[in-house]
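Fit chain B to the given chain A structure using the hints.
There are 2 protein chains.
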Amino acid sequence: MNYRQLSKEELKEVLAQEKKRYQELVEKNLSYDMTRGKPGSNQLDLSNDLLGEKYIGNAKAASGTECRNYGVLDGIPEIKKLMADMMGTKPENVIVGGNSSLNMMFDTLMRFMVFGTSADSTPWGKLDKVKFICPVPGYDRHFLICEKLGIEMIPVELQEDGPDMEKVLELVKDPAVKGMWSIPKYSNPSGVVYSDEKICQLASMECAAPDFTIMWDDAYTVHYLGDAPAKQKNLIEACAEAGNPNRAYVFGSTSKITFPGSGIAVLASSVENIKYSLSYITAQTIGNDKLNQLRHANFLKDYDGIVAHMEKHAEILRPKFNAVLEVLEEELGGLGILEWTKPQGGYFVSINTLDGCATKVVAMANACGVKFTPAGATFPYRKDPRDRNIRIAPTLPPLEELYEAIRVLCVCIKICSAEKLLEA
Amino acid sequence: MNYRQLSKEELKEVLAQEKKRYQELVEKNLSYDMTRGKPGSNQLDLSNDLLGEKYIGNAKAASGTECRNYGVLDGIPEIKKLMADMMGTKPENVIVGGNSSLNMMFDTLMRFMVFGTSADSTPWGKLDKVKFICPVPGYDRHFLICEKLGIEMIPVELQEDGPDMEKVLELVKDPAVKGMWSIPKYSNPSGVVYSDEKICQLASMECAAPDFTIMWDDAYTVHYLGDAPAKQKNLIEACAEAGNPNRAYVFGSTSKITFPGSGIAVLASSVENIKYSLSYITAQTIGNDKLNQLRHANFLKDYDGIVAHMEKHAEILRPKFNAVLEVLEEELGGLGILEWTKPQGGYFVSINTLDGCATKVVAMANACGVKFTPAGATFPYRKDPRDRNIRIAPTLPPLEELYEAIRVLCVCIKICSAEKLLEA
Chain A
1 MNYRQLSKEE
11 LKEVLAQEKK
21 RYQELVEKNL
31 SYDMTRGKPG
41 SNQLDLSNDL
51 LGEKYIGNAK
61 AASGTECRNY
71 GVLDGIPEIK
81 KLMADMMGTK
91 PENVIVGGNS
101 SLNMMFDTLM
111 RFMVFGTSAD
121 STPWGKLDKV
131 KFICPVPGYD
141 RHFLICEKLG
151 IEMIPVELQE
161 DGPDMEKVLE
171 LVKDPAVKGM
181 WSIPKYSNPS
191 GVVYSDEKIC
201 QLASMECAAP
211 DFTIMWDDAY
221 TVHYLGDAPA
231 KQKNLIEACA
241 EAGNPNRAYV
251 FGSTSKITFP
261 GSGIAVLASS
271 VENIKYSLSY
281 ITAQTIGNDK
291 LNQLRHANFL
301 KDYDGIVAHM
311 EKHAEILRPK
321 FNAVLEVLEE
331 ELGGLGILEW
341 TKPQGGYFVS
351 INTLDGCATK
361 VVAMANACGV
371 KFTPAGATFP
381 YRKDPRDRNI
391 RIAPTLPPLE
401 ELYEAIRVLC
411 VCIKICSAEK
421 LLEA
Chain B
1001 MNYRQLSKEE
1011 LKEVLAQEKK
1021 RYQELVEKNL
1031 SYDMTRGKPG
1041 SNQLDLSNDL
1051 LGEKYIGNAK
1061 AASGTECRNY
1071 GVLDGIPEIK
1081 KLMADMMGTK
1091 PENVIVGGNS
1101 SLNMMFDTLM
1111 RFMVFGTSAD
1121 STPWGKLDKV
1131 KFICPVPGYD
1141 RHFLICEKLG
1151 IEMIPVELQE
1161 DGPDMEKVLE
1171 LVKDPAVKGM
1181 WSIPKYSNPS
1191 GVVYSDEKIC
1201 QLASMECAAP
1211 DFTIMWDDAY
1221 TVHYLGDAPA
1231 KQKNLIEACA
1241 EAGNPNRAYV
1251 FGSTSKITFP
1261 GSGIAVLASS
1271 VENIKYSLSY
1281 ITAQTIGNDK
1291 LNQLRHANFL
1301 KDYDGIVAHM
1311 EKHAEILRPK
1321 FNAVLEVLEE
1331 ELGGLGILEW
1341 TKPQGGYFVS
1351 INTLDGCATK
1361 VVAMANACGV
1371 KFTPAGATFP
1381 YRKDPRDRNI
1391 RIAPTLPPLE
1401 ELYEAIRVLC
1411 VCIKICSAEK
1421 LLEA
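The listed protein sequences correspond, in order, to chains A and B. Sequential numbering from 1 applies to the first sequence in this note's numbering. Sequential numbering from 1001 applies to the second sequence in this note's numbering.
These aren't lab readings, by the way, just hints derived from the structure by calculation. Incorrect hints may appear among the rest.
Said to hold, decoys possible - Pairs of lysine to any residue residues, derived as SDA-like cross-links and limited to a Cα-Cα distance of at most 25 Å, are as follows: (1) A:K81 to A:V271; (2) B:K1054 to A:L291; (3) A:K148 to B:L1073; (4) A:K129 to B:P1123; (5) A:K131 to B:K1126; (6) B:K1131 to A:S121; (7) A:K148 to B:V1130; (8) A:K131 to B:L1127; (9) A:K129 to B:K1126; (10) A:K129 to B:E1339; (11) A:K126 to B:K1129; (12) A:K60 to B:H1309; (13) B:K1060 to A:H309; (14) B:K1060 to A:E53; (15) B:K1148 to B:A1209; (16) A:K371 to B:Y1070; (17) A:K342 to A:N322; (18) A:K90 to A:N244; (19) B:K1275 to A:Y381; (20) B:K1275 to A:D140; (21) A:K148 to B:T1122; (22) A:K131 to B:K1131; (23) A:K312 to B:Y1070; (24) B:K1148 to A:K342; (25) B:K1060 to A:N48; (26) A:K148 to B:P1123.
All values reported here derive from a predicted model rather than from experimental measurement.
In isolation and in its complexed conformation, chain A is listed as follows:
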């Protein structure tokens, strides 16, 4: 039963039926929050050993550094090694930060605004116009940083294997286009894994701006749902090979590995960029929380330790993602009114409704007690030109709530779609 092939009468019937279901759901007085990609509490429990003394030992790093006292700007050696391994690079290519990779991204762009990307470049704050390429749908917090900094965002379609490169190659001819955002693996919200081909294109493409920078938010680099983290060409390497060694700023964290907000963040880049960044970070802080670095290094141990830990997360998350896909298929399969992703990792399922329906669907679900990320949030300036994308974050709610929440969403989609088709 494809909605698009139904007669007006049939659509009206469907609409009446679904409105009745909606009314029944409203009467349940649900109160579910599906807005953010937060781990569920059983995921948090996986890292509870971090709460105690177990991994603190004598509070000294392997190098002998007293972790309870001042010092060590870029991280104790064992955490640099661990985070470098996770990001697929070397310890000399990383700065271990505080608890938030978002903070490191913001600070990086603030440095570019005030100091430029290198000692001999013009600070972006001195320029009339700075533009950024934003693959869409994307992460609202990336877009918010640009908005605050007055960086003009140009949306580019995120295809199944990465951004629309034809568009990107055209845009980087403009010297005001200084950079782009990317979530290269299990992207937020679509779950896209950039192909090596597109990664190499991004690394090698000719850009009019010599200080063109790729803000590579590899937030989900080990957050797989399949058998293992997807293998992917390392951007820092690709940029070095292409003769653009300073183009890549790569970010990651343990936020969704251990405890969000109490984890460890990392910035990875060329050795030259790392030195340049540290030349300012040394004026910003004496160092980050080494006790937490020590805990994390001892708890996660090495790359294999991280992957083994992520498998435990995957075991918890697979049934949740399956629940979403199951209900979507059951309710909406073949109706021709919704497209959805089937991610192999990450934290989200991304759906596209019929054009012009997303805002209404989210509002209806909200009125029924189920909060989703506001429609438009996945686009720069919160404006989805086709008003169709909604981000589903299945990780936080318990499984039973999740089934019910997605059921609500499906009913809302059916109602809005039927109404939309009746209008046509």
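Frame of chain A, contents of chain B only:
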């Protein structure tokens, strides 16, 4: 025996004697580091209960917030209350930050550079010239921030009760003078406690720049060595009373209360400034480490808890400060070649040698295996115009080392002073 009253012959004799002592000290192959104001390991031990689960409870804030997950931009309520109490202000006047107040100071000035001090002010980065008043001697890391940001620093003498206000009042007539640094209590390095009179003057003085900002680094607000923390007029209150409510940005942390680098930092200001700051911080991070906030709130409990904890620090530190003063008095009392402070709190003893001697003294001590903070470090651009100020940090070394290190310093001072007087 005042060196200044000695004949050349007598000075030569003194010099020979002290050179002999120096040689003996060199042969000891000492290796002491007196460069930074770090707590000693027995001070760190006072907070070892923070390393375990003891103060984590069920990892939930009193409000029920799950501290292991994302959220809460400005700190959980109990840590906001605690830090507000410590800073003598209210929870609505504070933002609880990460592990470093220096980081909050740097970020604040970065925001002023890029966004200005308020929605309707000009970003400092758009101005031809920004100047800052810097009471001297002062804290090298404040000066480094200004240097990186290209803010021109104007030194003003720090007198016994605060900065030379005559000079300050003259300087703030220049609209390019946008702010000043201050360490109002037990200042680094002189141990000066600003008088209420000068605090009120700073709050009420007429400034040509409407966005004149006082960067008030109250790093040692509870770090007393006497009977109790010195009472002092609160700058935020004083500014509000004087009709300049947005002039004060106040900073503090638990770095030298619990663990440096693994503590809690705070920014305090007017409610308007707090809102303005948060409007950008919300793009910078989702929130700081709430588990560490919870630990600290439960461990320190309240203002009285903090003071009781600081008394334990004071018990450890008093003998160290006394050792410094004892050796200085014994070696140099009445010689007319050194002035030194007798601080009632804080982390330093500040000394002034004869003009032109500080660099040589530090180099000589260094050659003898005892490292002091480089001469000049306490001045903007590392230039002490009289080359006389040296910062002594007595907290880190064990007591016996401290006696020996200060002994070395005194011998070096005697040698350099005698040589200087012989040249005259």
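Hint check:
1. A:K81 to A:V271: holds (15 Å)
2. B:K1054 to A:L291: holds (16 Å)
3. A:K148 to B:L1073: Holds, at about 17 Å.
4. A:K129 to B:P1123: Status holds; Cα separation ~16 Å.
5. A:K131 to B:K1126: holds (19 Å)
6. B:K1131 to A:S121: Within the cut-off at roughly 24 Å; holds.
7. A:K148 to B:V1130: holds (23 Å)
8. A:K131 to B:L1127: holds (23 Å)
9. A:K129 to B:K1126: holds (14 Å)
10. A:K129 to B:E1339: violated (55 Å)
11. A:K126 to B:K1129: holds (14 Å)
12. A:K60 to B:H1309: holds (24 Å)
13. B:K1060 to A:H309: The given pair, whose Cα atoms are some 24 Å apart, holds under the 25 Å limit.
14. B:K1060 to A:E53: Holds, at roughly 19 Å.
15. B:K1148 to B:A1209: Status holds; Cα separation ~22 Å.
16. A:K371 to B:Y1070: holds (17 Å)
17. A:K342 to A:N322: holds (9 Å)
18. A:K90 to A:N244: This hinted pair holds, its Cα atoms lying about 18 Å apart.
19. B:K1275 to A:Y381: holds (22 Å)
20. B:K1275 to A:D140: At roughly 21 Å apart (the allowed maximum being 25 Å), D140 (chain A) and K1275 (chain B) satisfy the hint.
21. A:K148 to B:T1122: Since the Cα atoms of K148 (chain A) and T1122 (chain B) sit roughly 15 Å apart, the hinted pair holds (cutoff 25 Å).
22. A:K131 to B:K1131: violated (31 Å)
23. A:K312 to B:Y1070: holds (20 Å)
24. B:K1148 to A:K342: Given pair K1148 (chain B), K342 (chain A) is violated - Cα atoms ~48 Å apart, limit 25 Å.
25. B:K1060 to A:N48: Answer holds: K1060 (chain B) to N48 (chain A) is near 13 Å, not above 25 Å.
26. A:K148 to B:P1123: holds (13 Å)
The structure does not agree with the numbered hints 10, 22, 24 stated previously, though it agrees with the rest.
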